Structure formats: C-alpha cells, structure tokens
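Using the sequences plus the hints, can you model the full thing?
The opening residue of the sequence shown carries number 1 in the UniProt record's numbering; numbering runs sequentially from there.
Just so you know, the hints here were simulated from the structure itself, not pulled from any lab data.
Please read these numbers as outputs of a predicted model, since none were measured by experiment.
Idealized CB from N, CA, C, for every residue including glycine.
One or more hints might be untrue.
As the list claims (entries may be wrong) - Listed next, with one range per pair, are the computed distances between beta-carbon atoms:
| no. | residue 1 | residue 2 | range |
| --- | --- | --- | --- |
| 1 | R218 | T276 | 40 to 50 Å |
| 2 | E452 | G492 | 23 to 33 Å |
| 3 | D629 | H582 | 13 to 23 Å |
| 4 | E180 | T399 | 43 to 53 Å |
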Amino acid sequence: MDANWTGGVVDRSDDGPPTDDEWRPVAESGRWTEAADPADRIAYRTTFGDPRTSDDERGFLKLHGAGPRAELWLNGDRVRTREGSFGPVRAAFDPRPENELIVVRERPGSAARDEATADPSTDPSSAGGTAVTDVAGVDLDVSSVGLNLDVEGRPQTFCRRLEARPRLTDDGGVVDIEMEVDAGRAVDDAITLSVRPEGFRGGATMQRLSVEAAAGERVTVTESIEIREPALWWPTGYGPRHRYAVQAKLGGDSTETTAAFRTVDRDGDDLLVNGTPVRSRGFVRRSGGPPVVDVERAVAANANLLRVRGHVPSESFYAACDAAGVLVWQDLPSTGIGGDPAADRVRDLAAALEDAYGHHPSLALYGVADESAASGAADGLYGSGIMTKLRFRYRTWRTDVDGEATDAAAEAVPGDRPVVSSVGPPGTDPDAAALYPGWRYLAADDIEWLLERDPDLARIVAAFGAGSLTESGVNPADVSGLDGAVLERRLGDDVGVDASQTYQARTLKVVAEALRRRQSALLSASTLRDTDAAGGTGVLTVDGDAKPAYRAIADAFEPVQAVLDGPPAPGRVGITLCNDTHESLEATVAWTAGDATGETVVRVGPLSTAAAGTADVPAAASRIELTVDAGDRTISNEYRL
Numbered sequence: 001m002d003a004n005w006t007g008g009v010v011d012r013s014d015d016g017p018p019t020d021d022e023w024r025p026v027a028e029s030g031r032w033t034e035a036a037d038p039a040d041r042i043a044y045r046t047t048f049g050d051p052r053t054s055d056d057e058r059g060f061l062k063l064h065g066a067g068p069r070a071e072l073w074l075n076g077d078r079v080r081t082r083e084g085s086f087g088p089v090r091a092a093f094d095p096r097p098e099n100e101l102i103v104v105r106e107r108p109g110s111a112a113r114d115e116a117t118a119d120p121s122t123d124p125s126s127a128g129g130t131a132v133t134d135v136a137g138v139d140l141d142v143s144s145v146g147l148n149l150d151v152e153g154r155p156q157t158f159c160r161r162l163e164a165r166p167r168l169t170d171d172g173g174v175v176d177i178e179m180e181v182d183a184g185r186a187v188d189d190a191i192t193l194s195v196r197p198e199g200f201r202g203g204a205t206m207q208r209l210s211v212e213a214a215a216g217e218r219v220t221v222t223e224s225i226e227i228r229e230p231a232l233w234w235p236t237g238y239g240p241r242h243r244y245a246v247q248a249k250l251g252g253d254s255t256e257t258t259a260a261f262r263t264v265d266r267d268g269d270d271l272l273v274n275g276t277p278v279r280s281r282g283f284v285r286r287s288g289g290p291p292v293v294d295v296e297r298a299v300a301a302n303a304n305l306l307r308v309r310g311h312v313p314s315e316s317f318y319a320a321c322d323a324a325g326v327l328v329w330q331d332l333p334s335t336g337i338g339g340d341p342a343a344d345r346v347r348d349l350a351a352a353l354e355d356a357y358g359h360h361p362s363l364a365l366y367g368v369a370d371e372s373a374a375s376g377a378a379d380g381l382y383g384s385g386i387m388t389k390l391r392f393r394y395r396t397w398r399t400d401v402d403g404e405a406t407d408a409a410a411e412a413v414p415g416d417r418p419v420v421s422s423v424g425p426p427g428t429d430p431d432a433a434a435l436y437p438g439w440r441y442l443a444a445d446d447i448e449w450l451l452e453r454d455p456d457l458a459r460i461v462a463a464f465g466a467g468s469l470t471e472s473g474v475n476p477a478d479v480s481g482l483d484g485a486v487l488e489r490r491l492g493d494d495v496g497v498d499a500s501q502t503y504q505a506r507t508l509k510v511v512a513e514a515l516r517r518r519q520s521a522l523l524s525a526s527t528l529r530d531t532d533a534a535g536g537t538g539v540l541t542v543d544g545d546a547k548p549a550y551r552a553i554a555d556a557f558e559p560v561q562a563v564l565d566g567p568p569a570p571g572r573v574g575i576t577l578c579n580d581t582h583e584s585l586e587a588t589v590a591w592t593a594g595d596a597t598g599e600t601v602v603r604v605g606p607l608s609t610a611a612a613g614t615a616d617v618p619a620a621a622s623r624i625e626l627t628v629d630a631g632d633r634t635i636s637n638e639y640r641l
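The structure is reproduced here in structure tokens:
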C-alpha cells in the first residue's frame, strides 16, 4: 500500500507511545528534510483504515525496512523493540476504523544506539557501529524512510509466515519449508503445500500435512519437498531465471513465496554460478534510492551485479534482484566500534543476513570491506608525468597494511558463500581492488600503466569512478558524498555541471573499457546513484535521472562490445572485441572516423577477447564510432576526439 508517512523528532519515554508537537511531511525523495541532533530519535507516522472485508477477520500488517533497531507502536501499544532480524515485522491486530502506526529509529551516534551495539546478537546490523556514510560501517539509513507497509484482512487462523529454502542434492533438489500458523481460534486441520514452476514448463508437486493448535497459539510446521531435475536460476545474460512458486493453503487462506535453485562458488578470481564461470559487471549501491527502481536502472545499464555498500537493503531489493537476474555482493565491516576487530560482529551479522535473505538466489557473495584503512597512500598525485608515476610507485611500495582484522573477519563468515576478504587501493595487495585513476590520483588513461605494473589489480575490482555536479552555483565542498577538493583540482576554474559530468563520463569509460580488455572477472562502478541533490559519484542523480556517465557505463558493460586499445586520437589505434557471453562468436567489427572506414571479421571465444584490427583515424575526425554486427544484434560504441 502507498502509506503517507510523516516524521518528527520524538521524546524518549518507556511509558507510552512517542509524541511530537508537529508531524511533518517527508520529502518525495524519501529523505528526512530537516537536520536533527544525532542523539535524537526520529519517528515516522502513518495512518490507515480498517483492512478487513468482514468482522470475522483479523488485521495483519507486514512492515519492510524497519530495521533491527526499530521500535513500533500500533494504536498506542508497543509492537516490537529491537528484534535481531532483518526480515519484515509481522503483527496481527484488532483493527479500528482509523489506525496509527509509529516507527521509531535511533540515529547514528545516539547513546541508546551505542548501548544496543554492545550485543550484536540482539542487534546484528550494528556491526561497525557507524553511520551509513562511513565506509567501515554497515547500517540501515534512519534518515531515509525506506518503509514498505502492507496491511490486509486475514482469517482468524492463518499462515503468518512462509519460508522456502531450496538446496541441490545428488538426486535433484529439495525445498525445505517452514510455516508459522497464527491460531486466533483453535485449529485441527491440514495444510496443503504445493511447489510448481513459475513461468516455465515442468513438474509440480503437492503434499498435505496436519496442524493442530489451541486458540491464541502460534505453531511452526516444517516439511521438505523433493524436486526431480530442478531447473536452475542464472544471472541475466547466462540463462533463464527459473523460479518455483511455493504455496501453503489452510482452509480458505493461502500464502505464497518463491524458491530458486542455484549454486555459487569462487574458483580463484572467477565467480562460478552453477559450476560455470560468469562475468559480473555492475555498480556500488548506497542506501536511499527506491530499491526496485535501482535494480531496474542497473539492469538497463547492462549490469548483473550490485555491490551493497554501507547498508542492509530491504526484502523488495532482493526480490527485484531475483526477478532481474542480478547478483548481490553484500559488504560487511572489518572493524567494530573504535576500530577494534569485528570478527564476532561479522559472524553474527552474516548469520542474521543468511537467516533473512539466504534463500534468495541473488545473494551471491559477501565482502569484508575497510577501504579507509590505506586509501590515502597515493591520493593527491594528480597528472601523468614520469615523476608523478615514480612518486606513485614509491608511495604504494611503502604502504604497510595490517590485514589481521580483515582476515579474521573474513574467516568468521559462516557457511560456504564466497567471501571477498579485503578491498583496497594499489599497494595493499587486496583481494579486490579499489581503482581511482583520473580521480584520486594519476590520469584516467594511466589505468593501462597501473595494470601493466600489477595485472592482479584487474582480477576483481570492487570500485572505480569519479564525481560530478548536478546543480549549478554550488560549492563542491558542500556536496555530501563528493570530494570537492578533488573535483576542483581536476577541473580548475571550470567546475560546473556540464564540464564535471563530461569528465566523469570519460573517466568511467576509460577505466571500464581497460578492465574489459583485461578480462576482469568482476567489476563494479562507484556509485549507482548520488546521495546529494547537488551531485556525487553516482551515474544517476539522487532523483534517478541519468548523467552522461550512465550511458558511458552502459556501453562499456555491453556483453559483446568493441573497444579501443588506447586513447581516441588521430593516428593508428588498435581495437579489441570483448565477449562476456558463454558462446563463441563470429562478428564483423567496423569503424568510422570522419571519411575513413574499415572493418574486420573476428572470431572470439566465450568469456574472452580478440584483436579486431586497427583504426586509422584522420586528423580532421571529431569522433570514432565502432560497430559490432554479431548476427542478431548490432552494438555501437562512440568516442569523442
């Protein structure tokens, strides 16, 4: 339902529901419009009518996005306080003609919140204990509403929770099902369980099992259903996203969820889905944007990966990724409050995430990230001269990183899901690299020099990018999520919207294409969306409008794409055909520059690259266009000189 949320700063009280003198409208972007002291609690309030269709029903609400620290008040009664789960809050209630729901959150830095972080078992998302803007923390953004409320009428006795966890076996597959029955009245009946293919041909199965409960009881019922020859779920570009609909019926009530079979492993640098290497391309996602829209915009830019940074996303985000075939890389903090090692917190957080979201096929891997640990070694070395590169080599050579905390945190992650054990800049020997040539150091074209010196940097790339402005007349230093000093250093006196966005687009294009030529197994551009209305490092504005960098990345992430081997300039420049698919291809690669043209027929293997000839660019040309004719599709890639 479309809830109309208002917000306010509320008093601390253990005796009754929170109050505020004035509940203020929340901005359409979902961001809190008025700054509050970090010690204050922020509350969101909404009202709704009676959802029942008959007096014999009960009300049932499901609230997504509240977070483990949330305190809920429904019609003046406390519903929940600090429950260790990322899943939705569920509550059966007796509706009134007009109902009031208040959700209270602790702000980062509050005393009550710091106290809560002392016990990660009761509050697993507190690992890191820092705000969402701190790269060491994993948190839910209390300054963003991010709440999704569903209210409906249900029978007196109904299935309030249905979970389906699929697993592959030597003989096929099994769906482990757990149901929680809320008995408003005594029940002695049978639940009908069914598992059927969703949108594809295949066999369905059905079972019945008994349930018995006294009035007022909640009982949990479990069952395992075998699936012969289960169809597998694949990330987009590598196969169909087969899913199964799991339904539980009790009397006249029914509830449904989905399940999908797939395996995910890591073999060195390769991410294996269903035992087969895949190439993962995508974006770093910060909190604040509409989850489903963010997934849609990422897919439209040819992404099949979202790296979740600094927050725990909602159930709707994972459901959207399941449907779209997007893999999720969920970051975990490597340090706790005050920089102390956080192995215990990481273990508890990962366990809570597995409990809430582990059944989603999109949840592919975890990353233990502390990019702030050594990110300053070469920062500020702008330019591309010999002396600058010598200084860069010296500084990165002298970098000393203690990986004990990240190693311990990575080893603490339970289960067999792949883990990226560290993220860092050149010189830190990271498991995944954060590469910012053209932004924090050197020039964008120096990505080639960096990768020639250390080819391992291209294996897994956790972040690369640059920033830009979206509003004229702003001071870059005042834009949150953007290093204004870097932008001013890069553009000098020409710090404006057009110039900064052009610079951002070129930087991302150069770096992304270099990584494609090096056959990176996984790479993510930082970031998908700005967190400030005036600009940031996103390829989308805070409202979701595309910057030029969005189109640049979409072209660079085309599964089959031709790219230049060097900077676009008059003279001879090589062309490489990149193939991220599982199919061998024969394609015609053509180029046009001014009046000059040429083409080459190229054969390229799966997950490979191949030389595709040379373009001879005349001095009078203003742009170069590459075209790939792969039979059923034509792809273009354009460069401005």
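Within 40 to 50 Å or not, the Cβ separation of R218 and T276?
Given a distance of about 42 Å, which is inside 40 to 50 Å, the answer is holds.
Can you tell me whether the CB distance of D629 to H582 sits inside 13 to 23 Å?
holds (20 Å)
Take the C-beta atom of E452 and the C-beta atom of G492, compute their distance, and say whether it sits inside 23 to 33 Å.
For G492 against E452, whose Cβ atoms are near 29 Å apart, the range 23 to 33 Å holds.
Within 43 to 53 Å or not, the Cβ separation of E180 and T399?
About 51 Å separates the Cβ atoms of E180 and T399, which means 43 to 53 Å holds.
Checked against the numbered hints given earlier, this structure breaks none of them.
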